[in-house]
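Asker: The residues making up each chain are set out below.
There are 4 protein chains.
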Amino acid sequence: MKKHMIEVPVRYAETDMMGVVYHANYLIYLEMARTSMIKSIGLDYKEMEDAGYVSPVTNANVDYKRSLTYGDTAFVSVWVKYYDGLRTIYAYEVTNAEGKVAASAETTHVVVKKENFRPIRLPKVFPEWHSIYERLNQETAHG
Amino acid sequence: MKKHMIEVPVRYAETDMMGVVYHANYLIYLEMARTSMIKSIGLDYKEMEDAGYVSPVTNANVDYKRSLTYGDTAFVSVWVKYYDGLRTIYAYEVTNAEGKVAASAETTHVVVKKENFRPIRLPKVFPEWHSIYERLNQETAHG
Amino acid sequence: MKKHMIEVPVRYAETDMMGVVYHANYLIYLEMARTSMIKSIGLDYKEMEDAGYVSPVTNANVDYKRSLTYGDTAFVSVWVKYYDGLRTIYAYEVTNAEGKVAASAETTHVVVKKENFRPIRLPKVFPEWHSIYERLNQETAHG
Amino acid sequence: MKKHMIEVPVRYAETDMMGVVYHANYLIYLEMARTSMIKSIGLDYKEMEDAGYVSPVTNANVDYKRSLTYGDTAFVSVWVKYYDGLRTIYAYEVTNAEGKVAASAETTHVVVKKENFRPIRLPKVFPEWHSIYERLNQETAHG
Numbered sequence: 059m060k061k062h063m064i065e066v067p068v069r070y071a072e073t074d075m076m077g078v079v080y081h082a083n084y085l086i087y088l089e090m091a092r093t094s095m096i097k098s099i100g101l102d103y104k105e106m107e108d109a110g111y112v113s114p115v116t117n118a119n120v121d122y123k124r125s126l127t128y129g130d131t132a133f134v135s136v137w138v139k140y141y142d143g144l145r146t147i148y149a150y151e152v153t154n155a156e157g158k159v160a161a162s163a164e165t166t167h168v169v170v171k172k173e174n175f176r177p178i179r180l181p182k183v184f185p186e187w188h189s190i191y192e193r194l195n196q197e198t199a200h201g
Numbered sequence: 059m060k061k062h063m064i065e066v067p068v069r070y071a072e073t074d075m076m077g078v079v080y081h082a083n084y085l086i087y088l089e090m091a092r093t094s095m096i097k098s099i100g101l102d103y104k105e106m107e108d109a110g111y112v113s114p115v116t117n118a119n120v121d122y123k124r125s126l127t128y129g130d131t132a133f134v135s136v137w138v139k140y141y142d143g144l145r146t147i148y149a150y151e152v153t154n155a156e157g158k159v160a161a162s163a164e165t166t167h168v169v170v171k172k173e174n175f176r177p178i179r180l181p182k183v184f185p186e187w188h189s190i191y192e193r194l195n196q197e198t199a200h201g
Numbered sequence: 059m060k061k062h063m064i065e066v067p068v069r070y071a072e073t074d075m076m077g078v079v080y081h082a083n084y085l086i087y088l089e090m091a092r093t094s095m096i097k098s099i100g101l102d103y104k105e106m107e108d109a110g111y112v113s114p115v116t117n118a119n120v121d122y123k124r125s126l127t128y129g130d131t132a133f134v135s136v137w138v139k140y141y142d143g144l145r146t147i148y149a150y151e152v153t154n155a156e157g158k159v160a161a162s163a164e165t166t167h168v169v170v171k172k173e174n175f176r177p178i179r180l181p182k183v184f185p186e187w188h189s190i191y192e193r194l195n196q197e198t199a200h201g
Numbered sequence: 059m060k061k062h063m064i065e066v067p068v069r070y071a072e073t074d075m076m077g078v079v080y081h082a083n084y085l086i087y088l089e090m091a092r093t094s095m096i097k098s099i100g101l102d103y104k105e106m107e108d109a110g111y112v113s114p115v116t117n118a119n120v121d122y123k124r125s126l127t128y129g130d131t132a133f134v135s136v137w138v139k140y141y142d143g144l145r146t147i148y149a150y151e152v153t154n155a156e157g158k159v160a161a162s163a164e165t166t167h168v169v170v171k172k173e174n175f176r177p178i179r180l181p182k183v184f185p186e187w188h189s190i191y192e193r194l195n196q197e198t199a200h201g
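Protein chains in written order, with my numbering: chain A, 59 to 201; chain B, 59 to 201; chain C, 59 to 201; chain D, 59 to 201.
Bound conformation, chain A alone (with noise of 0.2 Å):
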């Protein structure tokens, strides 16, 4: 499929005594990242909320390569790396100003009703949702 990109200012909070961007912070750009991309295919994250579901992460894999601080802007793309109607993987990269890779990442994610967390079959609750990712997970098997 085709990369979904933003732009991520790095802000001072966002650093620590080390000098560069806390660790922790690189998950908060990546869901930015796929809020911002599930927007764009013209899905509403927050409609899924309000329906009483949530989709919690359950993996992220991040691997941390270059350095960014206070003054450079985090440029985060991310797109769908596989779909099973239960699971969704996004994988993710994010580079500096130069095009130089700062992360990588992975992250899994599935949609359970927010009261129970139980895990649910996007087909069924959501088929627009199914049908939209199924697309995606396709163009990305044979792109």
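Please keep in mind that the hints were generated in silico from the structure rather than gathered at the bench. Hints are not guaranteed to be accurate.
For identical chains, the list gives no copy identity; a pair is met inside one copy or between any two copies.
Under the rule of at most 27 Å between Cα atoms (straight-line distance), these lysine-lysine pairs were calculated in the DSS-like manner [said to hold, decoys possible]:
(1) Lys123 x Lys171
(2) Lys104 x Lys158
(3) Lys123 x Lys182
(4) Lys158 x Lys171
(5) Lys61 x Lys172
(6) Lys60 x Lys172
(7) Lys171 x Lys97
(8) Lys60 x Lys139
(9) Lys60 x Lys123
(10) Lys104 x Lys171
Predicted model, so just to flag it, every value in this text is computed and none were measured.
Since chain A is already given, all that's left is putting chains B, C and D on it; use the hints.
Answerer: For chains B, C and D alone, coordinates are given in the frame of chain A:
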């Protein structure tokens, strides 16, 4: 009233590139002291939330006097400065290991219904909280 | 002076279990507006840090009036309220998309040497900053 | 090696609107366990930083299995899984009060010069760290 104190070892994640605890994080330390005090007097904030109420901050005023950094411990004291059934004002002092003041602060709180954020009066909805806070307030007035 | 405004789309990570932006995160929004304003008037905070100086917050005072949540955008205005060569007070207003006030605030800052956190006077060490802030201050006084 | 465990009461600020601990905050819990372990074996990470070196994370991999929320305590165990003089891999298990696994994780670290972020070899620069980690690594291999 008697002051309630907690010890908070500074986390690396709480520092910024200035090499000290990022100023917004003091509000988290204050909250930890406040909820610890509430627990220590036999009340349970979580129960209040489970009953459909939350207690947002309506004002926070912090004087920063001396920085803290990784390796330091913040000693955070809290007491009830004012209570009138609707609003509660907590006062705080944050000191370092040598007893020197790192920050002093006040936060003001109301209790609201979670569904509409409308303030409620504690004597009516939470009589137990009211009688305890009434007493703490008088101790302050006469202390 | 003319107010400087930035738009900050609320991040999911900035919410808490109350369902709204966690109160400490407003201080981060204020800082983003402040550093953006500084940049817009041709100054560079990062250069100040590279020269061995930092500008810590000595007081932060926030009135919270209306909550913001995920899906909202915070419109953060900032202007110089007071400047005397040693201390600068910035004032802020945070509004939502309907123009209703979510928060108003003030933060006070000094500039200190990074190595010992001793305050310095801007006219002496940063004359360019001084002349610009002097002017901003007069605009406020006469506006 | 023997596992090192710390207890972390969940902070309100660490939750998000999903009502549970925000996933990025687990990385902070892991760091707290890791630095606590380092201290418990007689080493001092702050000294390493004071000597001009820092130890950034090069990979973080977290499996989220069960959510934690305000009112819960996270029990975080950590141990050295691998060490070769250049890279150290720590493994973690986060459990709740009932002993059920909330998350398991691994983080990989190198030590670099703060001024240029170039990796160094511990046997040469920090022989004391090296001999202790060498031993921890062997305990793991034979445990």
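Asker: Can you give the numbers of the hints that this structure goes against, from lowest to highest?
Answerer: The structure conflicts with hints 5, 6, although it agrees with all the remaining ones.
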